[in-house]
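**Q** Sequence:
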Amino acid sequence: MPITFVAPLLLLFGLLGAGVWVGLGLMGVGIISLELFRTLPVDKILAQSVWNGLSSPELLALPMFILMAELLFRSRFIGGLFHALEPWVRNFPGGLLHTNILGCAFFALISGSSAATTSAVGKITLAELDRRGYPKAVAMGSLAGAGTLGFLIPPSIIMIIYGVLSQTSILQLFAAGLLPGLILVLMFMGYLAVYSWLRPMNVRAETPAAGIWSERFSRLVTLLPFLLLMVVLLGSMYSGLASPTEAASVAVITTMAIMAAERTLSLRSVLDACIGAARTVSMLGLIIAAASFLSTAMGYLGLPQQIEREITALNLGPLELIALLLVVYIALGCFLEGMSLIVMTLPLVLPLIVGAGYDKVWFGVFLIVVVEMAQITPPVGMNLFVIQGLTGEKLGTIVRATVPFFLIMLVFVALLALVPGIVTFVPSLI
1 MPITFVAPLL
11 LLFGLLGAGV
21 WVGLGLMGVG
31 IISLELFRTL
41 PVDKILAQSV
51 WNGLSSPELL
61 ALPMFILMAE
71 LLFRSRFIGG
81 LFHALEPWVR
91 NFPGGLLHTN
101 ILGCAFFALI
111 SGSSAATTSA
121 VGKITLAELD
131 RRGYPKAVAM
141 GSLAGAGTLG
151 FLIPPSIIMI
161 IYGVLSQTSI
171 LQLFAAGLLP
181 GLILVLMFMG
191 YLAVYSWLRP
201 MNVRAETPAA
211 GIWSERFSRL
221 VTLLPFLLLM
231 VVLLGSMYSG
241 LASPTEAASV
251 AVITTMAIMA
261 AERTLSLRSV
271 LDACIGAART
281 VSMLGLIIAA
291 ASFLSTAMGY
301 LGLPQQIERE
311 ITALNLGPLE
321 LIALLLVVYI
331 ALGCFLEGMS
341 LIVMTLPLVL
351 PLIVGAGYDK
361 VWFGVFLIVV
371 VEMAQITPPV
381 GMNLFVIQGL
391 TGEKLGTIVR
401 ATVPFFLIML
411 VFVALLALVP
421 GIVTFVPSLI
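Counting in this note's numbering, the sequence shown runs from 1 upward without gaps.
Treat the hints as calculated values from the structure; they're not laboratory data.
Using N, Cα and C, we set each Cβ at its ideal position, and we do this for glycine too.
Treat the hints with care, since some could be wrong.
[Said to hold, decoys possible] Straight-line Cα separation of at most 25 Å, DMTMM-like style, residue types lysine to aspartate or glutamate; simulated pairs:
id : residue 1 : residue 2
1  : Lys123    : Glu393
2  : Lys123    : Glu86
3  : Lys360    : Glu58
4  : Lys123    : Asp272
5  : Lys123    : Glu262
6  : Lys360    : Glu308
7  : Lys394    : Glu58
8  : Lys394    : Asp130
9  : Lys360    : Glu310
10 : Lys136    : Glu393
[Claimed, not checked] Derived Cβ-Cβ restraints for the label pairs, each shown as a range:
id : residue 1 : residue 2 : range
11 : Trp21     : Leu182    : 32 to 42 Å
12 : Gln306    : Ser428    : 30 to 40 Å
13 : Gly17     : Phe217    : 53 to 63 Å
14 : Gly389    : Gly299    : 35 to 45 Å
15 : Gly421    : Trp197    : 27 to 37 Å
16 : Gly299    : Arg216    : 50 to 60 Å
17 : Gly355    : Lys394    : 37 to 47 Å
Could you build all of it, start to finish, from the sequences and the hints given here?
**A** See the structure below:
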C-alpha cells in the first residue's frame, strides 16, 4: 500500500483522535500531505479550494433552513404537535409510542438535523410516555431511531451538503427522500405494533373512545401553522415556483409570522435563534471548506485513482460493491460523526459509484440512510448522547434499546439496494 495512502489516513486519525476540530483536522491532513509528497503552492490551492467550496449558490439555502429550525425550537410547535397526534395514535397497537415516530417525521419536515429532531421531540414525548407507564427502553429506542429521520426527510442539511459536494440537484435529492422517509416511518411503526402485540404493555388507561373522532379533528387545528409552513416550503419548491434557497427564505418569514400570531416572537427569541444559527452555519462552513480542500489535495495525491484501481481489481459486481461500502461505512460510523463521514469519504467513493452505474441521487439517499445508522451506533452516536442528556440513563442501556431500530434500518438499506426505484420514483415525476 503506497505511503501517499497510509500517511494521510494516519494523519487523519491522529488529528481527530487528539481532539482537533473536524474542519481543521481535514484541512490539516490536506496541507501536511501536499507539503510532504508534492511540490505545489499549497497556500494558493487552499485559498482556491475554500473559495470554490463556499461560493456555491446552493449553499445559500443552508443558513435559512437552520434559522427556520432555530426559530421553531423557540415556538410552541412541538407541544402542539404532540397534542394533535395523541388522539390519533392512542388506540393503535403500541399506543403513544407512535408519537415518537410521527413527531420526528413531522419535525423532520422543517428541521434538517437528526440531533435537533431527537432533542426537540424527546423533550416532550419521553417524560409523557414515562408518566403513562410505557416501557422506557422502547420509548428511548424508538426516539433514537426516528430521530434519524431529520437527515432523510427534506429539507435536510446533510442533503444540501451532499448535493454541493457531489454536484447533484438539491431539489432532486429532496424529492428522493420523501418516499424512503415514508417507508421507514411505516417500518418503525410496524415494529412498535408487533412489539406491543407480542409483549402487552401495562400503561395508564387512556381517554375513552367516545367522541374520539370529534377530538381528533378538533386537535388538528393546532397543526394548521405547520401545514401553512409546509405549503410555503415544500409546495413552492416542488411546484417550480421557488428554488430551495428562495423557499427557505420565505419559510423563515412565515415562521416568524406564525410565532407572532402565537405570541412567542420577541427580540430575544430572534437574537437567540440568529446566534444559534450562526454557530451551526460557521461549524458547517468550516467543514465544507475543509472537505473541498481535502478533495482537491487527494486528487493531487492520486488517491481516488489508487482506490478505484484496488476496488476494480476485486472484480466486484454493483451489489457486492454496495455491500462492501455498507460494511465500511458502518465501521467508520462507530467512530465518526455523520457529517464528517460524508465529507471525508465522498471524494474517494463517488467515482466508484458512478463507475458502477449507480445514480448520484440514489447514492445520496443510500449514504444518508447509512449515516443515520451511524447516529445510533456507539461510541460516537450523536442521538445516543442526546437521549442520554434527556434521560440520564447509562449509554449501554440506550444502545441496547436502539438495536431493533438499527436492524430495521439495515433491512431498509438492503431494500433500497434491491429496489432502487424507491428512491428514483418521485424525482422522475418532477
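**Q** Do the Cβ positions of Gly421 and Trp197 conform to the proposed distance bound of 27 to 37 Å?
**A** holds, 31 Å
**Q** Indicate whether the distance between the beta carbons of Gly299 and Arg216 respects the range 50 to 60 Å.
**A** holds, 56 Å
**Q** Using the Cβ atoms, figure out if Trp21 sits within 32 to 42 Å of Leu182.
**A** holds, 36 Å
**Q** Tell me if the straight-line CA distance from Lys360 to Glu58 falls inside 25 Å.
**A** holds, 17 Å
**Q** Please test the hint of 37 to 47 Å on the beta carbon pair from Gly355 and Lys394.
**A** holds, 45 Å
**Q** Has the hinted range 30 to 40 Å been met by the Cβ atoms of Gln306 and Ser428?
**A** Roughly 35 Å apart at Cβ, these two residues keep to the hinted range, so it holds.
**Q** At the C-beta level, are Gly389 and Gly299 separated by a distance inside 35 to 45 Å?
**A** holds, 40 Å
**Q** Tell me if the straight-line CA distance from Lys123 to Glu86 falls inside 25 Å.
**A** Roughly 16 Å separates the two Cα atoms, so the pair holds.
**Q** Does Glu310 lie within 25 Å of Lys360 when you go C-alpha to C-alpha?
**A** This hinted pair holds, its Cα atoms lying about 22 Å apart.
**Q** Straight-line Cα separation of Lys123 and Asp272 no greater than 25 Å?
**A** holds, 19 Å
**Q** Would you check the hint for Lys123 and Glu262, treating anything up to 25 Å between C-alpha atoms as holding?
**A** holds, 20 Å
**Q** Is Lys123 within 25 Å of Glu393, Cα to Cα?
**A** Judged against 25 Å, a Cα distance of about 15 Å means the pair holds.
The earlier numbered hint that this structure contradicts is number 7, and it is the only one.
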